[in-house]
Every structure is written in structure tokens, then in C-alpha cells.
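Fit chain B to the known structure of chain A by using the hints.
Spelled out, the chains give:
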Amino acid sequence: MNRPSWLLQIPVSLPGKGILLCSLLAMFSLGYAITNCLLPAQFRLYFWQHQMQQNLQGITHFWPSQSGGVALVWTEQWHAQSEELPPWFLKYQPPAERYAGQLKFYQCLDLDSHNVCQKAGNVLHLKNIRAFSWQLVGERERETDQFLRSPFRLVFKIQLTGMIAPQEISINLPNLAGPRGGDGRLAIQNKYQRFQSRMTQTTLAGGHIFDHELFKKIRQSGMNNLDWTEEVSTDDHLVLCQRVDDQCQIIGEATCDRCRYGYFPVVGPQYCPSTGNYACGPNRCGTANWPACWRGFEASQATLQDLCYDGSTTGYCHAGLQTMCRDQILYCW
Amino acid sequence: MLLLGSMVGAVSWGIRYYQAQRYDAQEKALAAAAELLHKIWHGDLSTIDYARKAACVGDRRPMFDADILQCLFTKHPYLPVARGKQVKVLPNFTNRQGQKLFYALHTKANTSTNFLPHYHFILSYGHLMDVLLEIPRDTYLPERIYAYGPQGSKKDLRLKRDWSFDNFGLRIFIDRQLVSFREIKHWVDFTEQHPLPANFFAQQTLINQQAMDTSWDYPAFGLTPAQMQAYCQFWGGELLRTEWFDAGSFHPGDYANPRPNFVLRKKYPWNRMPEKLNCELLFSAECRDQPYSVYHKSALSWIGLQQTLGGISELMQDISGNYVIKASSYLLSRASPWHELGKRWPYDPTQKQELGFRCMYYE
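In order, the protein sequences belong to chains A and B. For the first sequence, the numbering used here assigns the number 1 to the initial residue and increments by one for each residue that follows. For the second sequence, the numbering used here assigns the number 1 to the initial residue and increments by one for each residue that follows.
Okay, chain A solo, but in the shape it has when bound (with noise of 0.2 Å):
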């Protein structure tokens, strides 16, 4: 809120490991070294109010959103470990007449508790910056023609020197809902609805514009594949992929993106509303020596403080096996 309108800065959670490849820096690029030409597939935007009321009034277009554009993901699993993620910031100089603009696109690796950056690590500085605008584009709302509504764009217009003309670069943000709240943030829309589909809420829109050495990388590391997933649990080994402590705070890394044949939850000692026990498929839960299939915790009606105990039913088993709790883990036995 007190942040110096000269310098807008928008913080951006890295969800984990899912790491997208950019086509929004490749559009930066244009000539321009850019070391690392990777974004995160999905990170958070906070906007304040009076930064919307500056930018909203001055819309006068919408970016199409097949256009090159790069769709933002959200979703309320990641919502939840974010929290302890470092977290990404996109921050820009407008250029001025004396000096030209600059961008950085960075993950802050520690914060004070003023929410400074005080460590971080560089993805993206543009410096030679001649020309700059961003608006968040939305749908007016009918009744009012006040204020806007999703689906709602991030559109920059960015002109580097030596080129002639800007270019625009939109990305969609599908899980804003709409501005509301009393601290002027715009709301999230991190919960799936009834009849929502994974694809449709979280889709990339549109194409990415690679340059050749970028796509020359892909095209090596394998037959069309972004990157190989080879975690697999087997009859001797259970791979945990993501475990959380007593306070629900997810230890170590989370790797279930890496689980070649999915994930799936199983019991732990204690309920976590957004996060959980997962491990690595094939799934073959409720058979013996395989944790226990998922049946829920107020279904089950446990109590909170413990849910992996021998004979717990929060979990359940294929005939004839009993639940047992094993390294914090509710197997069938």
C-alpha cells in the first residue's frame, strides 16, 4: 500500500517445481542476452488498490488472449505451500528522461519482515527499456460499468531500444475472481467448481514463441519430452512424495510433479485441510504391505491429533487386511 508509485511491485510465489517454459522472456528477449529463459508455471499477483484505480481507468483494449499470451495457474494445493515457497517478484522502472526503464523478474530468496527482499536471485533484468505501460484488462461489469470482472489480463507493452515498434505481451489470469476485500486486493479464485475441468482452469492459452537455441534444448533432452518423470513406487519401495509435519508444513521438497505415474494420498498422522500425505503411483493402495486407501477424515469421524494408528478407519483395506500405522504411515497389513 505504501509503495512509492514510481515503482510498482507485484509479488509472485513460485508453486514448487512446476516450471513452465517462457515464452514471455523469448518475446522480451528480441536479441537481448537472457541467461535463463524459464518462468514458474504458476505464481501469485497482488495488486493494490490504488494502483488498480490508477490503471483501470486508462483501458482502452482488450489482448486477445490466444495471442501469445501465457495463462497464470492457480490452484488452491499450491495456494497452501506457497507460503513457504521463496517468493517471485516482477518489478519495473517506467523510463524517465534521463534513463531508460528497467524490469527484473527475480525469486526473493529472504525477506525481512516488511516483506523486503533482502537476498535474491536474478531470472530476468531488462535494463534498456524506452518505452513501458501495464493494465490489468478485464470485462466491465454490466450493472455498474464500474468496476471489472474476470477473466482478467495482464498486458504489457514494452519497447526496448532499437526496436520500432512495442511489444505486447498479455497474460491471463484466470483465477482472479474480482476486486473485493478490505485491503483492496483482488480476490482469488482458488477453488475448483462443479463441473470444472484441470484443463479448462488451468490452461495455457495460446502458443509459445521460442527462439532456436531454446527449442534446439528441448528437442534434446529427449522425443518431445519437457522433462522425464521417473519417480515410481514398487512392492519394496514407497515413494513419499510429499510428507507434512505436526503443524501441517510440508518437509523437505515436494516432488510429486515428478511421480511417473501420478500420486495419491495416503493417511498420515494428522488432518491437513489443503495439504497432505502424498506418494508416488501406481496406486495399489489398500492391498498388504501398501498404505491404506483413502476414506477421509470426517467421514471416518477421527479425532484430529491422530489418525495413524493401528485399526485407524480413516483409511481402509481390501478384505481381510487391518490398518496399521508404520513410520507415521497408515499401511494394510
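I should point out that these hints are in silico values taken from the structure, not numbers from a laboratory. None of the values given here were measured: they were computed from a predicted structure. Heads up, some of the hints might be wrong.
As the list claims (entries may be wrong) - Label pairs and their in silico Cβ distance ranges: (1) A:Q193 <-> B:S298: 19 to 25 Å; (2) A:E230 <-> B:S333: 46 to 52 Å; (3) B:D348 <-> A:D236: 57 to 63 Å.
Stated by the list, open to error - Pulled a few chain A residues facing chain B out of the computed Cβ check, cut under 7 Å: (4) F264; (5) N283; (6) R295.
We treat Cβ as the ideally placed atom computed from N, Cα and C, and that holds for glycine.
Quick look at chain B alone, frame taken from chain A:
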């Protein structure tokens, strides 16, 4: 010196102007091509030439269909964009038969993120562009308390003997439709595991003897449970389990209350069995002289599942670890008491029957 400096400056400016214009034109052409590809993918075939469309589309449902695009690009691997420019579509993958495919799949086998759309095209016009196209194949199962199997007796209801379960804290997605032959074909194209019988795609459904070559959207049958599991795992999911099928098919009544005291389950995914024969809602034995369609807007369950009753039967895994099949199917007459949700039969691998399947996913 001044003149020389001016000349160098002018040349430098000219080069930069030329480069900027060239990049600008390339990106505009690529963006226009990507937009066109999106339109075709979403069924707007007015954007493509009629002759090409007629040769490739036929009477298929032109939605989310990589096969149509494969056919189009095989004949003419270009997307027309403004002012006579054409953006080339590059072959992306060679399948087991040596056929060049213009699309590739993103699955759990080749990408670490869960959020990428499944189909992937590469456009080329100076810069390269990857276009990702999605299929909203699954539907979200809201977080609430559910109960397993058909509704019990009044005494059971009073004593709350239901086997209940919940998915609070879980995000579960279920395929809206049974997996189709087209989806199996794409799976086969992209994996060398689980080879299928030579005549797999030439099978004829017993529903109404339609030839399969015009029925790629029919539910795939003839797979073993292991092959069904392998297909679902290919996409990072697993074969649907019965409790989650029940959760997605029994209408919960007051779905605004996720924590009911007891879970009512109606016999049908809609309000009641219609009095007149309605093959769109329930494709029973009496309907077999009619075309079998896998999609009807009126036949959706409360979360959008199709084919929860009637039609081709469906294989699932129950809470005892056994494979079971949905009892209601086109083999039974409409008067059969088995046309109810939650009623299942044991799976018998020795008995030959058409069994479809669908997958579920944890997110």
C-alpha cells in the same frame, strides 16, 4: 569524420529497423496462426478451406480432434494467416508405424508438470512456436461427505449404517466420458507397451452393429484391466474406483451442504426414471436399433459424468480390491431392476462382453 559517423549511424539504424520489422512480422504471423489453430481445435471449421475440411472431417464430431488436424496437415501442412502468409506446421513425432504425426502428447511420461495441456503442435515461421491445446476431459468432484453403494433400508438409514467417506482436502477429477477408441489409438501411437490385438480397432460393437471406423468416439472395449490401468497411468491417473464413481453419480440432493447427517442416494443420476422410453438418458436393450451417442446434455450426472447408466458397461475397482462392472447396460431391458446406480456385478474375465472404463486423477 562527421559524415562517416552519420553514415555508420544510419546503416546501424537501418539494420535495427529491418530486424525489428522482420521480428514483428514473424511474431504477428505466428500469433495469428496459433489463434487459427485454437479455433479449429475448438470446432470452428469455418476458418479452413471447405475441400480440405470435407476430405478430413466427414461426419465426425469436430471437437478437440487431433486426428482431424493430422489429416489436414498431412495434405497441406500450412496454416493461412493474414496477407497470404502461411505458417508451417512441423511434424512432431513419428509413431510406431513410421507415420509422421503433427502433434505430440504431453503425459506423465514426458513432462513433470501437471498443468500442461495434452496436445502439442509446432508452428514455424522464422521463430518457432509451440502451441498447446487442451482437452477438458475430466470434471471436478466437490469436497463433501459421500456414501457407498445403493441406499439401504429405512432401518439402515435410521441407524446410519452407511459406509461413508469424504474427500475434504483432496482434489479429485474423474473422466466425464468413458475412454474412447480415439484416445486408445493416441495412447498406442505414443507407447510401445501393452500391445493390443491386431483387430482391436476393427471390432464391431454389439450395440447396433455399426462399423468402428465411423465410431472413434465410441467407448473403447476389449482391453484387459491391466491395460486399462496402464492407459490411466499414462495420463497420471488410475482406473476409477467405485466409491468415487458413486460420489460422482448419486445426486446428493442438497449439494450446498457438504456435510449432511446422512447421505441420500437416489436410484438414478437424474430425478426419476422417465416414463417414456428415453434412449438419451438410458440406452437399454430396447434402444439398440437407434444410433448410440456417447454424449447427451440431459444425461449428465450432478458433476457432469456421462454414461452412468445404460450403454456400454464399465469396469471399476471396488473397495474390496476386486474388479466389478456397472450392472446397467444396453444388454438389459428397460424393466430390469439392475438399471440403478450403485448396482454392480463381479468381473468375470472368461465372459466376453464389451467393457468400457474411465480414469480418475488426484491433483
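We went through each hint and held it up to the structure:
1. In this structure the hint that Q193 of chain A and S298 of chain B lie 19 to 25 Å apart at CB holds, the actual value being about 21 Å.
2. Hint check: E230 of chain A to S333 of chain B, Cβ distance near 50 Å, so the stated range 46 to 52 Å holds.
3. Restraint check, D348 of chain B to D236 of chain A: a C-beta distance of roughly 32 Å breaks the suggested window 57 to 63 Å.
4. The beta carbon of F264 of chain A is positioned within 7 Å of a beta carbon in chain B (closest approach about 6 Å), and the interface hint is therefore held.
5. With a least beta-carbon distance of about 5 Å to chain B, the hint placing N283 of chain A at the interface is held under the 7 Å criterion.
6. At about 5 Å, the closest approach between the beta carbon of R295 of chain A and any beta carbon in chain B falls short of 7 Å, and the interface hint on this residue holds.
Violated hint for the displayed structure: number 3, the only one.
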